[in-house]
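Number of protein chains: 2
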Amino acid sequence: MNRINVAAAAEILETCGDAYILIHRAPDGDCIGAGLSLQAVLRQTGRKAKVLCADPIPERFHYLLPETEDEDFAPEIIIAVDVADEKLFGTLEETYGGKVQLCIDHHISNLLYAEQVLLEGEAAATCEILYKVYRAMGVTLTSQIAACLYTGIATDTGCFKFSNTTPETHIFTAELMREFPDIRYDLINRDMFTVKSRARLQAEMTMLRNMEYHLNGRCTIIWATLAVCRANGVDEKDMEGLTSLGLQPEGVEVGITVREREPGVYKVSLRAADYVDVSAICKQFGGGGHIRAAGCQMKGTQEEIRSRLLSAVEQAL
Amino acid sequence: MNRINVAAAAEILETCGDAYILIHRAPDGDCIGAGLSLQAVLRQTGRKAKVLCADPIPERFHYLLPETEDEDFAPEIIIAVDVADEKLFGTLEETYGGKVQLCIDHHISNLLYAEQVLLEGEAAATCEILYKVYRAMGVTLTSQIAACLYTGIATDTGCFKFSNTTPETHIFTAELMREFPDIRYDLINRDMFTVKSRARLQAEMTMLRNMEYHLNGRCTIIWATLAVCRANGVDEKDMEGLTSLGLQPEGVEVGITVREREPGVYKVSLRAADYVDVSAICKQFGGGGHIRAAGCQMKGTQEEIRSRLLSAVEQAL
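These protein sequence lines are chains A and B, in that order. Under my numbering, think of the first position of the first sequence as 23, with each following residue one higher. Under my numbering, think of the first position of the second sequence as 23, with each following residue one higher.
Chain A with its partners taken away, still in its complex shape (with noise of 0.2 Å):
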């Protein structure tokens, strides 16, 4: 493993062959959005390119496609965008692991498990990170490259909500708007941050009335069982972003929200308010992620998860 700068890593791209693109499965606004910039890219100057992952593109992300997708080739590079750990490229770890070139990530608690590794644990999103790779490359962006960029960005920090949110952050938006005003900036946003189906709308009624709270109101839970889904016609798909509802309560400093994969299989993701890094708190879990944004996956019952989150929660509060 190989620890490289903008510079190199811009480098690789303009000289790489036909690259497969990997992302994360549960995809997001940042790699996908730093998966399909990418593969725009590399097509400019001739190359196949093709983003390669585990769980289907959400329609609400179809905006950012390609009109078109290069027929079937064998690729001269792997690379992965946005992913901190091979278990991430979920179904796709069988074919791909051990076998990635290049990765572009922004997450600190990444695992080196590329052959060069651009990694900026300061990046607000992996799309901020291939912004400066595509400035170093002198690439022409195009309108649906910025729409990419600014997606992952937008999404990674919350619209700019987020402590992850920098100077840069804000710059290289600006500079985004401005080489492409005609883009509606206010409805990805909508799209991403307002809209709701009537069915999420439910579901979030529906965790909103059964939250618990616990730790005198530090700390709140969220159950995303498959039964209270089932109950309310909510499907996975409709799920998405509700990590941040837990911290919504005034005095809240830790959310949980925990959402059953499979019978007993549960997604524990952690959001912090202020101070406690709930990445570390994944970590002890197997898991990872951002200082204040992490996820781990657990098995067991409610009440042994309840209690094993409160316990490790406490500790940190």
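A hint or two may mislead.
[Stated by the list, open to error] With a straight-line cut-off of 20 Å between C-alpha atoms, the simulated SDA-like cross-links for lysine to any residue are:
1. A:K218 / B:K72
2. A:K305 / A:K70
3. A:K70 / A:Y135
4. B:K109 / B:R47
5. A:K218 / B:N238
6. A:K218 / B:E272
7. B:K218 / A:M227
8. A:K305 / A:S131
9. B:K72 / B:I34
10. B:K154 / A:P189
11. B:K218 / A:Y235
[What the hints assert, rightly or not] According to the in silico footprint, chain B covers these stretches of chain A (three or more CB under 8 Å from chain B):
12. 195-208
13. 211-220
Worth flagging that the hints you see were computed from the coordinates, not collected in a lab. The beta carbon of each residue, even a glycine, is placed where N, CA and C say it ideally should be.
Assemble chain B onto chain A, guided by the hints.
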């Protein structure tokens, strides 16, 4: 009335005497940030200054208040910031109507009631205009002034989410963040956009449950009547910002929130998602505001108000 530019406004503020600074009733982050920052700027150079508002400053903005206030004084200049219409002085209109010497505002609907008017309709917030004025004055910003300006810009753009956000909005924000890296912008955002009292969460759930869908799901109405508020233990101060709830469901173009101020007197807020000019709709009812966010006051029964609003919205759709 005389329209002036940033340089001229800066000159007036450099040379004026002790000032009363009027902000609008039901004060929001932008008028509070504008008023308190201007107070601080004037006091830096030995002028006395006081912010006057018909309503109390909500507690969640108290972090912006100065440590001390000037003792009683007679003003040499009356300034209004972020106030489009003297009616919005509320109970202070009687005393200060017709007496405003300088108005700084970003509402295109501004009635130009002041002697000197600095009006920039394309600015996302009055605080954005003031940032330029302070730069023109050569003011040394303080952390309190920066927090005021950030709060005004962030709240009026929905944290850089709305269509009023421009490249300049992001640039100014980056400059503020660079100059004052120690301000916890993320905590300001959390307090402004995320944290809710349990009563407020309760209120939201009630409003969402009872939200009316009209015009084929393209228009929603939320009724915050005195009865609903009483039944849910919701205080007037917990209702601020509820206006955005109505745009959440997929497919909605116009979200209407109707708050009953006193029996039979309603404060109506309209928000548009994409293309409807709600400022024009509100003008029909004696109100005004921005193109995608406007308001008016109406009297009558719920049925009357609903039918008048819906026929105006139907025409606009």
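Hint check:
1. A:K218 / B:K72: Judged against 20 Å, a Cα distance of about 43 Å means the pair is violated.
2. A:K305 / A:K70: violated (37 Å)
3. A:K70 / A:Y135: violated (24 Å)
4. B:K109 / B:R47: holds (9 Å)
5. A:K218 / B:N238: Measuring from Cα to Cα gives roughly 17 Å; hence the hint holds.
6. A:K218 / B:E272: Distance of about 6 Å is within 20 Å: holds.
7. B:K218 / A:M227: holds (15 Å)
8. A:K305 / A:S131: Given pair K305 of chain A, S131 of chain A holds - Cα atoms ~9 Å apart, limit 20 Å.
9. B:K72 / B:I34: holds (17 Å)
10. B:K154 / A:P189: holds (18 Å)
11. B:K218 / A:Y235: The given pair, whose Cα atoms are some 14 Å apart, holds under the 20 Å limit.
12. 195-208: With 8 residues in contact (Cβ-Cβ under 8 Å with chain B), the coverage given for the stretch 195-208 of chain A holds.
13. 211-220: Holds, because 8 residues of the stretch 211-220 of chain A bring their Cβ atoms closer than 8 Å to Cβ atoms of chain B.
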